[in-house]
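Colleague: Assemble the whole structure, with the sequences as input and the hints as a guide.
Residue numbers (the working numbering), protein chains in the order written: chain A, 12 to 268; chain B, -5 to 262.
Hint data in this document are derived by calculation from the structure and do not stem from the laboratory. Note that the structure is predicted; figures quoted are calculated from it, not measured. Check before you lean on any hint, since a few could be wrong.
Stated by the list, open to error - Taking lysine-lysine pairs in the DSS-like style, the calculated list, with each CA pair at most 30 Å apart, reads:
1) B:Lys253 with A:Lys172
2) B:Lys127 with A:Lys172
3) B:Lys193 with B:Lys75
4) A:Lys172 with A:Lys71
5) A:Lys172 with B:Lys133
6) B:Lys135 with A:Lys172
7) A:Lys172 with B:Lys193
8) A:Lys172 with B:Lys75
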Amino acid sequence: MKRVAIALFFFAVLIGLWELAVRSGRWSPVLLPSPIFVAEYIWAALLDGTLLESTWVTLKRLLLGYAAGVIIGLPLGLLTSTSQVFEDTIGALALGFQTLPSVCWVPLALIWFGQTEGAMLFVVIMGTVWSVIIATDHGARNIPPIYARAARTMGSEGFHKWTRVILPASLPFLVSGMKQGWAFAWRSLMAAEIYVTILTGFGLGHLLHYGRELNAMDQVIGIMIVIVVIGLLVDRLLFSPWERVLHRRWGTNVKET
Amino acid sequence: MEAARPDFVADVSAKLLVDGVSKWFTPSRTHVHALDNVSLAIDEGEFVCLLGPSGCGKSTLLDIMAGLTMPDSGRVLADGKLVEGPGRQRLVMFQESALFPWLDAFGNVMFGLRLRPDLRNAERKDIANHFLKLVGLEKFKHAYVHELSGGMKQRVALARALAPDPQVLLMDEPFAALDALTRDQLYDDIQQIWMESRKTIVFVTHNVREAVCLGDRVVLMSPSPGRIAQIFDIPLPRPRDINSAELAGYASQIAAALKGNMKKAASE
Chain A
12 MKRVAIALFF FAVLIGLWEL AVRSGRWSPV LLPSPIFVAE YIWAALLDGT LLESTWVTLK
72 RLLLGYAAGV IIGLPLGLLT STSQVFEDTI GALALGFQTL PSVCWVPLAL IWFGQTEGAM
132 LFVVIMGTVW SVIIATDHGA RNIPPIYARA ARTMGSEGFH KWTRVILPAS LPFLVSGMKQ
192 GWAFAWRSLM AAEIYVTILT GFGLGHLLHY GRELNAMDQV IGIMIVIVVI GLLVDRLLFS
252 PWERVLHRRW GTNVKET
Chain B
-5 MEAARPDFVA DVSAKLLVDG VSKWFTPSRT HVHALDNVSL AIDEGEFVCL LGPSGCGKST
55 LLDIMAGLTM PDSGRVLADG KLVEGPGRQR LVMFQESALF PWLDAFGNVM FGLRLRPDLR
115 NAERKDIANH FLKLVGLEKF KHAYVHELSG GMKQRVALAR ALAPDPQVLL MDEPFAALDA
175 LTRDQLYDDI QQIWMESRKT IVFVTHNVRE AVCLGDRVVL MSPSPGRIAQ IFDIPLPRPR
235 DINSAELAGY ASQIAAALKG NMKKAASE
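Modeller: Right, dumping it as structure tokens:
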């Protein structure tokens, strides 16, 4: 309860400072709208359905691209962690492409796929898959070898060893890899939506883009806040329960409550 | 007391037979001769301690017996059959407990049992409960690994190694990381369990008293290259108390031999 109160207080002060800055009159309200106007925009967009519709469009693309990225990335990461050949090929490729900001895939995606959903998916997958490969590879390498040795003496080999020992042993690393993949997917999609306009659906990135074109700063800031909130919610709903289970079992990060 | 048996004859009837095993390690340019033509026969139900300073190859020898490492020359026979890989009949207990943190104590003991297709699930659970009780941890069956103390972890590891009913138990300095009081308690427990189950146990240690307390025979090894220097019979009655005077007599004798070997190795 105390932690919630502190957090609430912090954000209240932040918004208060913002409002004060607006009232000081130093900046044009066109550039710096009051938090009240931003809240009004979000409320109105919620009521007329544009916000929910765009959020749905964006989340659909995100989940699809992210799922594909994880499904491709996880096994490849496990492969690069165990095989020298895969490490020198796929591993090197992943390392290289991971340094490429995902927005750099947009021109290529536009030329290959045109203004389609395919282009969006391509950018998200390219933004996700490499970091998932690297995080998984890193995780599998960090499993204490004694687990595999102990398992082998008990007669666990091959598929059983992979599913019952290597996979659960690398769970903490896999979850942080998937979390990182999620952050990358989210960033890539926003980049793609801001740069690529397609007719099959207007996502949050498009709303942000049009906000800029219309000089509607309340919309720009409002959508930015929505994007942050969605990111936080997903972290809380999708990853936190997993991390709690893992922390409890592994005994890591035990905080006094 | 017998010598290092240069006239070793492969006795195929032994429970565990190490026959002329050599092993080299080649980490970055250096060429380490870890084991040099080591031969040893271990009888059924025998408790043998491999004793030596670090680098004498005792853990490597245990790994080779387990089938986790392959010898460069020579062979290991278990019940007359060539050891070509790890097997359920020879379970290993490691220095770190090597318990799986994603399972609770009960789950860890069940791990090896689940790999025995001849058992029904109810039987597996009964066996797991039995062995957790045997090591005095039935109240902690649902505790996760990090919630257990060092001694409790090794007890769970012992239960996990005993539960699938292996014929041979290979123990690699299992108590080295524990405090003295916990260790003394475990010496009693392991002797009790051994006297009741009569498993064949090979126990690696660098602690002379520990070796004398537990072993029917103490195999003293010397380093670079790893060899068997001498084998001592310990005919003391059981259960043995590690603090007894008789035991100390044997220990000082072996310690003297150990010191002599190390001096010799250093001067070479």
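Colleague: Hints first: check each against the structure and report whether it holds.
Modeller: To see whether the hints hold, each was checked on the structure:
{"no.": "1", "hint": "B:Lys253 with A:Lys172", "verdict": "43 Å, violated"}
{"no.": "2", "hint": "B:Lys127 with A:Lys172", "verdict": "28 Å, holds"}
{"no.": "3", "hint": "B:Lys193 with B:Lys75", "verdict": "18 Å, holds"}
{"no.": "4", "hint": "A:Lys172 with A:Lys71", "verdict": "35 Å, violated"}
{"no.": "5", "hint": "A:Lys172 with B:Lys133", "verdict": "29 Å, holds"}
{"no.": "6", "hint": "B:Lys135 with A:Lys172", "verdict": "23 Å, holds"}
{"no.": "7", "hint": "A:Lys172 with B:Lys193", "verdict": "27 Å, holds"}
{"no.": "8", "hint": "A:Lys172 with B:Lys75", "verdict": "25 Å, holds"}
This entry does not satisfy hints 1 and 4, going by the numbered hints stated previously.
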